[in-house]
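Residue numbers (this note's numbering), protein chains in the order written: chain A, 1 to 538; chain B, 1 to 332.
Since the hints were made in silico from the structure, they are not lab data. Every residue gets a Cβ at the ideal spot worked out from N, C-alpha and C, and that includes glycine. One should not assume that every hint holds.
[Unchecked claim] List of simulated lysine-lysine pairs, DSS-like, C-alpha gap at most 30 Å: (1) B/LYS272 with A/LYS155; (2) B/LYS245 with A/LYS160; (3) B/LYS295 with A/LYS2; (4) B/LYS5 with A/LYS466; (5) B/LYS314 with A/LYS123; (6) B/LYS295 with A/LYS98; (7) A/LYS55 with B/LYS245; (8) A/LYS399 with B/LYS245; (9) A/LYS404 with A/LYS439; (10) A/LYS466 with B/LYS246; (11) B/LYS5 with A/LYS2; (12) A/LYS399 with B/LYS248; (13) A/LYS160 with B/LYS246; (14) A/LYS456 with B/LYS272; (15) A/LYS155 with B/LYS248; (16) A/LYS456 with B/LYS245; (17) A/LYS456 with B/LYS248; (18) B/LYS287 with A/LYS2; (19) A/LYS160 with B/LYS272; (20) B/LYS272 with A/LYS98; (21) B/LYS295 with A/LYS398; (22) A/LYS466 with B/LYS245; (23) A/LYS292 with A/LYS499; (24) B/LYS272 with A/LYS466; (25) A/LYS160 with B/LYS248; (26) A/LYS398 with B/LYS102; (27) A/LYS456 with B/LYS246; (28) A/LYS123 with B/LYS142; (29) B/LYS248 with A/LYS466.
[Claimed, not checked] A few chain B residues that face chain A, going by a derived Cβ cut-off under 7 Å, partial list only: (30) ARG113; (31) SER115; (32) LEU138; (33) VAL140; (34) LYS142; (35) PRO211; (36) GLY263.
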Amino acid sequence: MKDFVQLFFELDGTTSSNQKIRYLVQYFSEAGPENAIWAVALLSGNRPKRFFTNKVLRVWLSEITQYPDWLIEDTYAIVGDLAETLSLMMEPWAVAQKSLGSLHELLSLNFPKWRTMDESSLKRQVIDIWRTTDANHRFVFNKLITGGFRVGVSKATVAKALAQVAGISVSEMTHRMTGTLATSAEAYQQLIADDGSASRSIAQPYPFYLSYALEENVETLGNFFDWSIEWKWDGIRCQVIKRESNVFVWSRGEELINESFPDLVEACSKALPDGTVLDGELLVVDQNGKPKPFSQLQKRLGRKKPSKKMQTEFPAGLFAYDLLEMDGLDQRENELSLRQERLKSLLSQADATQILLSPEVGASTWEDAAAWRKKSREMKAEGLMLKLKSSTYKVGRKKGEWWKWKVDPLTIDAVLLYAQAGHGRRANLYTDYTLAIWKEDALVPIAKAYSGLSDKEMTQLDRWIKANTRERFGPVRSVLASQVLEIAFEGISRSTRHKSGFALRFPRISRWRQDKNADEADTIDTVTALWRSYESIS
Amino acid sequence: MLEVKEHGLYCALGDFFIDPTSPVERAVITHAHADHAVDGSTHIWAHEATIRILEARWDRSLARSSSPLKYKETTEVGEVGLSLHSAGHVLGSSQVRLDDGKEIWVVTGDYKRDSDRSCDPFEVVPCHRLVTEATFALPVFKWQPIERLTQDILRWSEEAFAQDLPVCLFAYSLGKTQRLMAELSAAGHSQFLIHRSADKICQIYREFGFPIPDYQIFVNNMEVEGTKGAIIIGPPVLQNSRFLKKHKNIPSAFVSGWMALRGMRRRRRLAKGFIMSDHADWQSLIKTVEQSQAKHVYATHGYSDVLSRYLNSKGSIEADELLVLRESAEDD
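Chain A extracted, bound-state conformation (with noise of 0.2 Å):
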């Protein structure tokens, strides 16, 4: 575990991503391939499934350190991270008096065994590691029994890094780091060999080929006829596999998602030949194939094995947009327009009707294309996607060839209400902001938002926050309500969260009006209005 603790606080410690891949390429060539394949399970993400909630821990070190329950609470909540806090607590200058063993043992040995362990033994178990480790074992042992395993690191770097372990391409590195991975000293073995001779398994997926977003003016782009227009669907970008009969449906996060959308899988099973892989959108649609509001799918989202009336009521079905495999070959290397028509040739003749091709949007000039953006909210799409026909499908976030054009955001201007202290980075300044419009004579809440501004206006805020404070209740600050700030959102809807009784989604701070006055800021009723004319298209 040592040199695993110590290639945490490297990677931690640096923001060089040169550097980083030095550090990972020295651990992977020194760990041995059984702890190897451990690092690069938990570096891209794998993480081990909790233990205990964050709740028992702090139950167990208020026994400890004998504080009361608030104080670990309120000091957590400063931290920002209970591993970290649980850490310092505990003698934080400590040395080590026992290993943690290596991090093959710990995970793949220790770890099964505890699960099948009773919570008293298991408490004796964690607290004797607590007391006997220095902090920063105790740091990262915390966050693996937490669950909450996260370093600075993506799993591009780490790709890169065992690409050169091997002597591969980094995208021939990538591909094989999709999906799943084995966490056995034999997958290491796969992972890194030089020889092309990792067997792939049938449900391995493809890398998805991600885009940025467009900041330039579209124009700069070049001839418009060079690019394919697509609709930026707000849904889950997945890619759908059919190989020898079996159907494997991939979120973008790299997650099997069979279980819940069994619908969908049914649907690709009858549908699709073998040998065939596609990338797309997965929507809610209505029985004319038409994409339902994103909510929808919300209704459908974290639940495995939905009933038979979820899926009636809300039929998952997949907007396809590009095809990466057909009768078993690659088809990546192809230019867009060709993978297009065999996309569109092969969907016309499945027969689905959840199955569908992705329209073109039917634009001729740059200008037609902008007019159709703004029509985004309309056909329930973030916005336009341009790519680039002569394109071939890449391997990650690549600049140039294609770009999300996302419409541009709602907004309302709000007033500060309530301040309360981030985490982590943001520990100690007051970023999380509780915001309000006017109802009658009276401020109600409307939006939780984490502040979106620079870290000039950040700091300034705070200093006025810390400055103009009138209650204090625990973490959390009232303020004068006098500042005004605008709020970027996606979506509004109904709710009984907030006293506005309306629900945003995804607000953020877009800005701070110093140009205006509390009493200029948005009423119950424009957001009425607003929230009128987005139900109606949506």
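Given the structure of chain A, go ahead and fit chain B onto it with the hints provided.
Chain B in isolation, oriented as in the chain A frame:
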């Protein structure tokens, strides 16, 4: 005896403010950090070293508008006996003891209990009512012995020194810079390059007999050759200096109590942070409250809500928050 008024903590019996937040007639100043010492008051009572530092900072003589005091020396101000007692925070830092013949109050100002070669140690002053700072009043803050810290810094510097590079520490010009110099020198390091904002202050530390090692003044257009093997110490603005922008391979680190929190290190976008503070950590705050024997405690600055609630929960002490709105300086 004390109340919070618009300009801060006020003593009616003596008609003075302690560390007023804006200029007043009569001010007692606990130490020379900018968030405690505002220029413009008509008359100042402070430790003689604090007066010297303020003169250097404000660039004028305070001979006719101040009463320099020594520690433990009692002066009558209005109807109260006032004396200053070492707070161990920086050179000249003082706790203010007030005695009206009936009750004794102590205002700690900023203080620490950890060892520091560059200033006098904290003195325990028994009292009835204690006003204590609470900047780091959370049980996650626990400082390590200074020797371990200097060892950590020197070990971290080795690699850079071996490549004929300097290292850079970001620390405030009053207090932390001199403490680092004195402690690193005691740990065996001898080459220091100091930002000019700390130069005069270093001289005053020497005048008062504290061991400041030899140093040179750091300037932006230095050649790396002339800095090799040195520890550069300067205020955080140095982070954006031409010198460090040009030589990105020079390791740098922020030295602050906040560096105990991972999130704070990330906020500074700094790879490295060393945990060192001139404020009291959690245990020191609790110890100080106990040793003062005060039955009534007022917590101010920082996590005053947490400290007062905790003290109240123990039963024998009555604690309150004392909110003086002060722009928090980044000298922690």
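| Is the straight-line distance between the alpha-carbon of A/LYS456 and that of B/LYS248 30 Å or less? | Since the Cα atoms of A/LYS456 and B/LYS248 sit roughly 24 Å apart, the hinted pair holds (cutoff 30 Å).
| Between B/LYS272 and A/LYS466, is the straight-line Cα distance small enough, at 30 Å or below? | 29 Å, holds
| task | Could you grab the alpha-carbon distance between B/LYS272 and A/LYS155 and see if it respects the 30 Å cut-off? | result | 24 Å, holds
| query | Are A/LYS55 and B/LYS245 close enough, with their CA atoms no more than 30 Å apart? | reply | 45 Å, violated
| query | Taking only the CA atoms, is the gap from A/LYS155 to B/LYS248 under or equal to 30 Å? | reply | 26 Å, holds
| Taking only the CA atoms, is the gap from B/LYS5 to A/LYS466 under or equal to 30 Å? | 17 Å, holds
| message | Checking hints one by one. Is B/ARG113 an interface residue toward chain A, by the C-beta closer than 7 Å rule? | response | 16 Å, violated
| query | Would the pair A/LYS404 and A/LYS439 pass a check requiring their Cα atoms to be no farther apart than 30 Å? | reply | Distance of about 37 Å is beyond 30 Å: violated.
| message | Please verify whether B/LYS295 and A/LYS398 have alpha carbons no more than 30 Å apart. | response | At roughly 65 Å apart (the allowed maximum being 30 Å), A/LYS398 and B/LYS295 break the hint.
| query | Between A/LYS399 and B/LYS245, does the CA-CA distance stay at or below 30 Å? | reply | Holds: A/LYS399 and B/LYS245 sit about 28 Å apart, inside 30 Å.
| request: Would you settle whether the hint for B/GLY263 is holds or violated, based on the nearest Cβ-Cβ distance to chain A being less than 7 Å? | output: Where the cut-off is 7 Å and the nearest Cβ of chain A is about 3 Å from B/GLY263, the hint holds.
| request: Would you mind confirming whether the straight-line C-alpha gap from A/LYS123 to B/LYS142 stays at or under 30 Å? | output: 25 Å, holds
This entry does not satisfy hints 3, 6, 7, 9, 10, 11, 18, 21, 22, 26, 29, 30, 31 and 35, going by the numbered hints stated previously.
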